[in-house]
Amino acid sequence: MKRVSLGEFEEIVLLTVMLLEGNAYGVTILHQIIEQTGRSVRLNQVHASLQRLEDKGMIKSKMSAPTHERGGRRKRLFTITFYGQKTLEEIQSVRANLWGMISGLRNS
Amino acid sequence: MEDNHTPQPPAWAKKLLRLYCDPRFLEEVEGDLEEEFLYQCKKSSVSKARWDYCRTVLGFIKPFAKRKKSNLVSPMLSNHFKISFRQLMKNKTFSFINIFGLTLGFLCFILLSLYIHDELSFDLFHKDSSRIYRVLQHEKMDDGAMRHVATTAALVGPEAAAQFPEIESSLRISSIGRLTMGNDPANRGYEVITITDPNIFSFFDFPLLAGDPKTALVPPDVVVVSESLARKYFGTTDVLGKRIWTSVVRNDKPVEFTIAGVMKDFPKNSFLQFDVIFSDSSWPSMFPWYQDLISSDWVSNSYLTFLKLRDPVTQQAVEPRITQLVKDHYPATRAFKSEFTLQPLADIHLNSANIQDSDAAPNGMNSFYLYMFAGIGFLLLLIACLNYMNLSTAAALKRTREIGTRKTLGAQRVQLITQFITDSVVLSAIALVLALVILQIIFPAVNQFTDKELALTSLPLSWAAGILSVLFIAALLAALYPAFITARMTPAEALKKEIRVGNSRLPLRKMLVVAQFTISIIMISSTLVIYEQLDYLRNKDIGIETENLVVIDINSGRLRRNFESIKAEFGSPAEVISVSTSTRVPGEWKSFPVATVRPQGEPTGKEMIYVGIDNDFLATYDIKLKEGRNFNTGPADSTKVILTELAVKQLGLTNPVGQIVEIPVVRWGGSIEPLENVFRAEVVGVVEDFHFESLRTDMKPIIFVAPNTPVQRIDYYTLNVKTNNWPGVIEKLQAINNKIDPENPLEYTFLDNRFEGFYKADAQRGQIFLAFSLVVVLIACMGLFALVSFAVETRVKEIGIRKVLGASVNNIVGMISKEFLILIIIAGVLAVPVAYLFMQQWLQDFAYRISPGAGVFILAGLIIGLIAAITIGLRTVKAAAVNPVKSLRSE
Chain F
287 MKRVSLGEFE EIVLLTVMLL EGNAYGVTIL HQIIEQTGRS VRLNQVHASL
337 QRLEDKGMIK SKMSAPTHER GGRRKRLFTI TFYGQKTLEE IQSVRANLWG
387 MISGLRNS
Chain C
2 MEDNHTPQPP AWAKKLLRLY CDPRFLEEVE GDLEEEFLYQ CKKSSVSKAR
52 WDYCRTVLGF IKPFAKRKKS NLVSPMLSNH FKISFRQLMK NKTFSFINIF
102 GLTLGFLCFI LLSLYIHDEL SFDLFHKDSS RIYRVLQHEK MDDGAMRHVA
152 TTAALVGPEA AAQFPEIESS LRISSIGRLT MGNDPANRGY EVITITDPNI
202 FSFFDFPLLA GDPKTALVPP DVVVVSESLA RKYFGTTDVL GKRIWTSVVR
252 NDKPVEFTIA GVMKDFPKNS FLQFDVIFSD SSWPSMFPWY QDLISSDWVS
302 NSYLTFLKLR DPVTQQAVEP RITQLVKDHY PATRAFKSEF TLQPLADIHL
352 NSANIQDSDA APNGMNSFYL YMFAGIGFLL LLIACLNYMN LSTAAALKRT
402 REIGTRKTLG AQRVQLITQF ITDSVVLSAI ALVLALVILQ IIFPAVNQFT
452 DKELALTSLP LSWAAGILSV LFIAALLAAL YPAFITARMT PAEALKKEIR
502 VGNSRLPLRK MLVVAQFTIS IIMISSTLVI YEQLDYLRNK DIGIETENLV
552 VIDINSGRLR RNFESIKAEF GSPAEVISVS TSTRVPGEWK SFPVATVRPQ
602 GEPTGKEMIY VGIDNDFLAT YDIKLKEGRN FNTGPADSTK VILTELAVKQ
652 LGLTNPVGQI VEIPVVRWGG SIEPLENVFR AEVVGVVEDF HFESLRTDMK
702 PIIFVAPNTP VQRIDYYTLN VKTNNWPGVI EKLQAINNKI DPENPLEYTF
752 LDNRFEGFYK ADAQRGQIFL AFSLVVVLIA CMGLFALVSF AVETRVKEIG
802 IRKVLGASVN NIVGMISKEF LILIIIAGVL AVPVAYLFMQ QWLQDFAYRI
852 SPGAGVFILA GLIIGLIAAI TIGLRTVKAA AVNPVKSLRS E
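So the protein lines, in turn, are chains F and C. Be aware that the first sequence starts at 287, since it is given in this note's numbering, and climbs by one per residue. Be aware that the second sequence starts at 2, since it is given in this note's numbering, and climbs by one per residue.
There's no promise every hint is true.
As the list claims (entries may be wrong) - Only pairs whose alpha carbons sit at most 27 Å apart, straight line, appear in this in silico DSSO-like list of lysine-lysine:
1. C/Lys91 <-> C/Lys399
2. F/Lys348 <-> C/Lys15
3. C/Lys43 <-> C/Lys15
4. C/Lys798 <-> C/Lys887
5. C/Lys16 <-> F/Lys348
6. C/Lys453 <-> C/Lys128
It should be emphasised that the hints constitute simulated quantities derived from the structure, not laboratory data.
Looking at chain F on its own, in the form it has when it is part of the complex (with noise of 0.2 Å):
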């Protein structure tokens, strides 16, 4: 499998999205991030993050309908793509591993 490397950033906007499922666009990515992580973020580095993820496959996005808000236009919605999913379980299971072998050596 062709190794791909996910960002710190990006992970933490990959698991929003999937957190998110279903309701997940810039704005409400952005403020859950901001809720969760407590950092200051910007709008333009959510896109940014979002587009290098879909470019990396990891993420795909279709528009919604139009609806009253926004002045009428539409948002782009992104759902997790199952490449995406793997990745995060595969950085999850690593990361499991590494922490399971330090506290067995604390333990021992």
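Model the placement of chain C on the given structure of chain F, informed by the hints.
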């Protein structure tokens, strides 16, 4: 649902976003931005929301501006740029020389443009400048000569404005000497008494920071002062309504003037420069003659008179009417021989050389120098571009492989030419940026040196555009020659590297070198002539002692009364060898009286400088008595005179001592005053000639009278001082002055400094010339160096073979150097006549001048020759010393 009450993000940010954002993403991005904006508005504040919006929009530029990139820059063009930069990096010496040369050329060109623009912009900041004229009087003298005066009688302006509907308004400005000013006796200074009509601030555009421009100068006993004067005497510019002490006396009491306005300091490019303006109405009560002057004067030359016409077209029509007006009012007892003309305000600064009382261009600036500076600017640019042309042609011949390959792969001529033009654009852009950066760094020094306020921002758009186009057109033209040479080659030629640097291609490039060095030699020899002339002016024996003489200016009645006892006071310190008093001193910068002198009974006379001196004057100034005797002390000599030898000669006197001369008229600057009774006096002595004025003018004859004649008052003490401790002596003199007159500070100058001051502007121009000459030589030599390098590099093999066959290093150096040195010699031959003519023109300014001999030009040629030889030698010796094994081994 947008309505006017919902807060809106900044419109410009929205526009910006639409400008760059990829349209595929625009909708969602805009939507997200707006949603977040409204959210922030609610959560924190509208201003924070706007701030965030802008920052985010700017942040979006990076990942989302994808749209136009590929359309804007064609792949070929970006390849051109890439190649240009690679070439720059590849030949570092060559690139450095090229960029450095162009930078210097651009820098000097921009600097000179700024300087010329400043000179041309004098007085144009007044919004009515095109309608303002100065009245000039042209009077025919007894001896047939014309004299041109910038001042007129008091009534000319106001009456002309009242009678002729073409004239919108008039303004008079006069200076009636100086006074002491300042409330704090320890901080007083001398200021010129400038009096103007009250409408000066509406006539000209000199803005007031405080005070009413319409009425400030209407009441008596008020002044309007400049910011810097206010700071000088009050330490603040907030001085409106304050009173200031002056040495002007009314009813035996010093008059205090009320400050009715504070002016912004006059721009440096105004020919009028005042720090303090007095209201016209103050003076009649102090000087009775002033009332006479302003109410009935049609004769004197006391006022600079300005007229504002409703329409400039009427200038020609108004001039004869003014002449007629004055003629009608001229006193019947005097002959009217004048004509009046109007000089446009914009002309005053540069075209007032022969006009008396003009006040303009104290630095002797005139259009000759302006053309000269413009010439230098273009020459420098030319040299820098020739350099570029020469170097890139040489470089092009090294790049034949690249060109051949391009051609083989189907490159069109246009594409090859584009490559060269790209090279030149890249280089010129780098050079321009560097030049501008350097310019910003050196501005303070330049402004201090030229006493100007030069700045890039003072250039109007048209000038800036003009300068930029000249620079880029020059750079482009320089790029065209190498471009066409290479474009002409056939691919086979190019790939085989058959283009030879040795002979066939050189004629034009040789001519370029010749041109550069011709200009260099012209500049260097001109600089040498200028310096030689300055040296001559400084060291020429002017007939009097100027060193160690301290001149004390008399500015108050206290210092003037009882001058015999004051002389004794000033003579009391041990360092003071002698003290003399006089009405005027050599090196005089104020106007001095010129008397018409004639032998008794003759109808016409000669003009002579008219000076009152005491019996110590000749000794103090080391002037030798040739015949007769000096003045005696005491009043007995009040009808005796002493003449210089030149005066005796001009009067045609033999055995002058004992003869009687007559003085019917005395002229002060532009003002002619016939004496009520012809002054008759006996010649008692003759002294050797000396120069009273700068060496720009011919030596004038001088007639000395005793100091106690009623015609003029003494105005100076001159002290001959011998000391090593100048500050100590000056302190003593100040103490003596304070004892005699506690109210007015001591004002002194050194006589040699005064004479030096006459040539200050020339010395400055000498330095400017020197600086530019060095730049020219530097650029030319760098060019030469690079050129020799290329010649040597292409002949490495030849040099190797020659060495193998037994040539010595000297042979080889000689062989290569000869080619280039011949060019320098040709340049010298071309340069000398041009430089000679040019310098002859410049020397016309001086009555006393050197005649530049062959020596100067030989020296200039030798200097350049030497510099060129070193430049060539440095490169060729290195090449000649290389072991032939090295140069021949590689193939």
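Inset, instruction - Given the hint that C/Lys91 pairs with C/Lys399, test it: the Cα-Cα distance must not exceed 27 Å. - result: The hint holds at about 12 Å.
Inset, instruction - Take the C-alpha atoms of C/Lys798 and C/Lys887, compute the straight-line distance between them, and say whether it is at most 27 Å. - result: 10 Å, holds
Legend entry - Holds or violated: C/Lys43 to C/Lys15, with C-alpha atoms at most 27 Å apart: Satisfied, since the Cα-Cα distance of roughly 20 Å is no more than 27 Å.
Legend entry - Restraint status (C-alpha distance of F/Lys348 to C/Lys15 at most 27 Å): 24 Å, holds
Legend entry - 27 Å limit on alpha-carbon distance, applied to hinted pair C/Lys453 and C/Lys128: Within the cut-off at roughly 21 Å; holds.
Inset, instruction - Starting from C/Lys16, check that the Cα of F/Lys348 is at most 27 Å away, please. - result: Roughly 26 Å separates the two Cα atoms, so the pair holds.
Violation of the numbered hints given earlier is absent; every hint is satisfied by the structure.
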